[in-house]
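The primary structure of each chain is shown beneath.
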Amino acid sequence: MKKLAIAVALGLTMSAVSLQLLASPVKVGMITTLTGGGASLGIDIRDGFMLAVKQAGNADLSVVVEDDARKPPLAVQIADKMIQREKVDILTGIVWSNLAMAVVPSAVAQGKFYLSPNAGPSALAGKRCHKNYFNVAWQNDNLHEAMGSYASNEGFTKPYILAPNYPAGKDALVGFKRMFKGEASGEIYTKLGQKDYAAEIAQIRASGADSIYFFLPGGMGISFMKQLTQSGIKLPVMGPAFSFDQGILKAVGKAALGVKNSSQWSKDIDNVANQAFVKSFNSEYGRLPSLYASQGFDTANLILSAMKTADVKDADAFRTALLAANFDSVRGDFKFNANQHPIQNIYVREVIEENGILTNKIVATALENHGNVYASECSL
Amino acid sequence: MANLTIEHKLNIFLVLLLLVLPAIALILDEPFYITLATKVVILALAGVGLNLALGLGGLGSFGHAAFFGIGGYIAGILASHSLNAELMFSVLGVEFDGTTNMLLIWPLALLVSALVAVFIGYFSLRTKGVYFIMITLAFAQMIYYFAIAWPAYGGEDGLSIYVRNQFLGLNTLDPIIFYGICFSLLMSVLLLVWRLKNSHFGSALQAARQNEQRLAAVGIPPFGIKLTAFVISAMITALAGALFADLNRFVSPDMLSWHTSGEIMIFVILGGVGRLFGPVVGAGLFILFEYFLGGLTEHWALFLGIVLLAVVLFARGGLVGLIAGEVKHD
Amino acid sequence: MTAILLLEQLLNGLQFAMMLFLMSAGLTLVFGVMGLINLAHGVLYMVGAFACAIIAGLTGSFWLGLLASLVAAAMAGALVEVGVIRKLYRRDHLDQVLATYALILIFSGGTRWLFGAFPLYLDVPQILSTPVNLFGLLDYSSYRLFIIAVGIAVALGLYFLIARTRLGMRIRAGKSDREMIAALGVDIRTLYTLVFALGAALAGLAGALLGALQSVEVGMGDSVLILAFVVIVIGGIGSIKGAFIGALLVGLVDTMGRFLLPYLFALVLPPDSAASIGGALSSVAIYILMAVILIVKPKGLIAANG
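Residue numbers (this note's numbering), protein chains in the order written: chain A, 1 to 380; chain B, 1001 to 1330; chain C, 2001 to 2306.
Note that these hints are calculated values from the structure, not bench results. Source: prediction; values computed, not measured.
Computed cross-link-like contacts, BS3-like style, restricted to lysine-lysine with a CA-CA straight-line distance of at most 27 Å: (1) Lys-2299/C / Lys-1128/B; (2) Lys-2297/C / Lys-1128/B; (3) Lys-308/A / Lys-279/A; (4) Lys-2241/C / Lys-195/A; (5) Lys-335/A / Lys-131/A; (6) Lys-2241/C / Lys-1128/B; (7) Lys-313/A / Lys-335/A; (8) Lys-127/A / Lys-177/A; (9) Lys-1128/B / Lys-1197/B; (10) Lys-177/A / Lys-158/A; (11) Lys-2087/C / Lys-1128/B; (12) Lys-308/A / Lys-131/A; (13) Lys-361/A / Lys-181/A; (14) Lys-2241/C / Lys-2299/C; (15) Lys-308/A / Lys-87/A.
Here's a subset of chain B near chain C, in silico, CB distances under 8 Å, partners left out: (16) Phe-1123; (17) Thr-1127; (18) Val-1130; (19) Met-1265; (20) Val-1273; (21) Ala-1301.
All C-beta atoms, glycine included, are put in the ideal place defined by N, C-alpha and C.
Please work from the sequences and hints to get the whole structure.
In C-alpha cells form, the structure reads like this:
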C-alpha cells in the first residue's frame, strides 16, 4: 500500500515535471528563397507554414524567416546566425538541394533538428542520413520514379527524356529509368538555366519518340513548354509536378492542358485536412495553394504535433515524437521510412481548366506507400 | 606620427577595429558576430588578391571566382578524401591521400591556382581593357560549368567538409580561433602586398599600367611583370577560397560563378581601387549591409542597390578615397 | 541525322542569333559612343518583357504589348541616363561597373516588389501560334521565323540609320571624337540620351519577343546580359557590324554545339555519359569560341576604334 502511494506520488511529480517541461517554447528558423529566380517556391513554403502556425495559435511556437536569395554562402551565414544568435531549436525552409547540402550537415551536427519542406538530395537519404534530419516532402527521385512507372503502365515504349546537367537532373532521369520498363528513345542533359530549347525540340521531333518526359524546374520548364507548343509537336508530355504546379501554371498557360504530372499532393485529395487547407489558404492569401505550400503546411503541423507530446529540449523524446508523424497530413496517409523520409502515395495528375483557372486533378495513383531506394544505405 | 597621412591613420584604425570588435563579441558571448567578422576578413583577403591585379596592374579580371573556387575545392576535395579515408590518386606507385591539415591544404591551393593562373594569364594578357575583363570571364565560366556537371565531387550540389580542417592542433571550430587564423593571414598578406607595392616589382607593375612602351624601352618586358602580378593575385584569392570553404564547411560551384567574380570586384571598387585597405572596407560594408538589411526586409537587395549607387555617385575613388582624399604618391 | 534536322537547327541558331543581336546592338552602341560599360542592359530586357506581358494581359493584344515594351524600355533607359548614367561618362570604367550593378539590384528589387515573385504569363500572338511548312520539308515555328525577320529588319534599319541619317552621322562623329562633335554645336547631352534610349528600346524589344517563348520573371536578363557581352567582345566593341557577326557566331555555335556534341560523343561513348559530357562541353562552347577569337584577335573580329 505504501509502495503504491509512493509510486503514485512519484508519478504525479513526474507528470508535473513533464507538464512544466512541455511548456518550454520552440523556436523555428526558416531559411528560404524569397527573392530572385525561384522566389515563388520559397514564398509558398513560407505562406503554407505560417498558415498552420496561425491556425494552431500556439504561443510556444515562434518562427523567424530569412531570405537566402538562393545563394549557398548566404544560407550558411543565416543558419549560423539562427543557431548562434537566435538560438533556434529547429531549422527548415530550404528549397534547393544545393543549399540544403550546404546547411543541413553542419546544422544537424550541432544538435539542431532540420525538417526539409522541399529538397531531398540522395546524399542525405543514404549514407549521410542523420537522426536529426527529417524530410517532410519527398526524396528527390520519388516523383520521377512515379512517372517512370506510370509511363510503362500507360504503354509508352519510346519516351524522350531530358533534364538539366546537374545532380538533381541526373537523379531525375535515373529515377525515371529505374521504374520505366524499356529504353528511352533519347536523352539529353541541357545547360542549367537554359531558356531556349529549339535545338532539343528539333531532336525530339526527329527521334520518333512516342512521348516526352522532362524535369526542368522553374523558368526552364515554362520556356520549354511554350516552345514545345509553338513547334507543333503533339506528343504526350509527362513531368514531375514542379513545372505544372499552381504557382507556375498561369505562366505556362494553356500549353499545359492535358499534361500528366506526378505529385504526392493535389488540391483534390479528398480528406478533411486537405479540403480545409485549400479553403483557408485561398481565403488567407487570395490564391490556390501549391505543392510547396502543402509541404510547408505539413512541416509546421508535424512540428506542432511533436510539441504536444515532447519537449524540444529533450532531443530524443522530440525525435521520437516527430518520427511518429502523428498529424493529419493534407496528403492523407503519411509515415516516415527508416531513413526519416516519407512513405506515401504518389499520384498522377492532369492539368485541367476549372472555372477559367488552370489547375490539376488526380487521374491515377502511380505508386502506393512508396519509400525510397536509399533507406538501405542509411544506418538509422 | 606627424608623417602619417589620413589613409595611414584609417588603416591603423581598421586593424584596431578588426582586433577589438571580435573581442567584444567574445566577451558578450555573441559567437555569430565573430563568424560574420571572419567572413568579412576572408572576403577582404579575396579582394586584396584582386586589388593587386586591378589596382596596381590595371588588370580588371572578371574571372577571379575561378581562383576563389579552386582554393575552395582544393580544401574540400582533400578533406573529403581524408574524411572518407579514400585514396585520392596514385602516380607511379606513389599514393596520394587526402588531408585535413590546413598547412598542407594551403600550399597545394596556392600551387594549383598558380598553375591555372599562368595558363589563363598567358592567353588573357594579350588583350586589354574590356576584352581582358571578358576573356577572364570566359575562362572562369568554363571552370564553373565543368564543376556543375562533374559528378565526382557533388556537381551543383557541392561538397560538404562536415568539420573544419586542422591547424597546429588548435580547435578550429571555435569561432575566435578560426577568426585569429584568418585575421593573421589577412595581415600577413597585406604586409606582403604593401612590400610588393613599394618594391622594384611594384614600380614596374604600376609603370606597366601607365605606359607600357616606356617600360619596354628601359628593358623590362611588361608581359612578364603583368603575368607575375596576375599569378600572385590569383594565389591570394585562392587562399581566401580555401579559408571560405572552411568557414562554411562547404564548397559548391556557386564559388566559381560570375556573380562571385562580380562581388569580389565590387568589394575592391567600393573600398577604393588600388588602396591597400580598400577591399577590407569594401567587403566589410557590403557584408554588413547585406546582413542588416536582410534581417530587416525581404526587399534588402533593392536598398543595397540604392546604397551602392549613392556611394559610387558621391564618393569618387571608393570609400577610402572619400575619407583619405586623392592618392598621394609616396 | 538528316539534312532536314540540320536545316531546322540552322534556323534555330539563326533565330537565337537575331535575339542576341537585338540585345547587343544597344550595348555596343552605348559603349562605342559614350564609352560606358552598362551592366544594367539586361534589366532593360526584363522591363520590356514585363511591359509586354502586362499590357498584353490587360488589352489581350500582343502587338500593343510589343509597342509598350519599346516605349517602356526607352523611357526607363532615358530616365536612367538622365538620372544616373550621365554622371558616369567621365568616370573610370570600374565606377560604371559598380553603378550599373547597383542599378541591376534596384530594378530587380523594385520589379519584385511591384509585381511579385511569380512568373508572368505572356504568349505568342494567335496569328503566329501555329507552325508553317517550309518548302514542303519541315514544319517550323512561325513565331521563330518572325523573330528572325525582326532581327534582320532591325539590322538593316540600324545600318541605314548610322550610314545615311543626320543622327547616324553624329553618332559616328561621337564615336571618333567627343570634343569635336561638341564644338560643332551638336547638343551632345541630348544625343547621348537618344542613343541610350535607342539601345534600351532594342533590349526591351528583345525581352518582349523572347518573353513570349520563355518565362517572364525577375532576373531573366542576367544570363542574357553575359551573352550580349560575349557577342560584342567577339565582334569588336563599338561596331554594329561586329555585333551582327558576333551574334551569328555565338547563336550558331551554341545551337549546333548543343545538338552535335552529344551526337559526336555518342559515337564513342555509352549514351548517358555521352549526353552528360556532350552537354557539359556544349555549355562552354561559346566561351571557348570567345577565348580562341580573343587570343587570335585581341580586339575582336572588327576593331571599331582602331
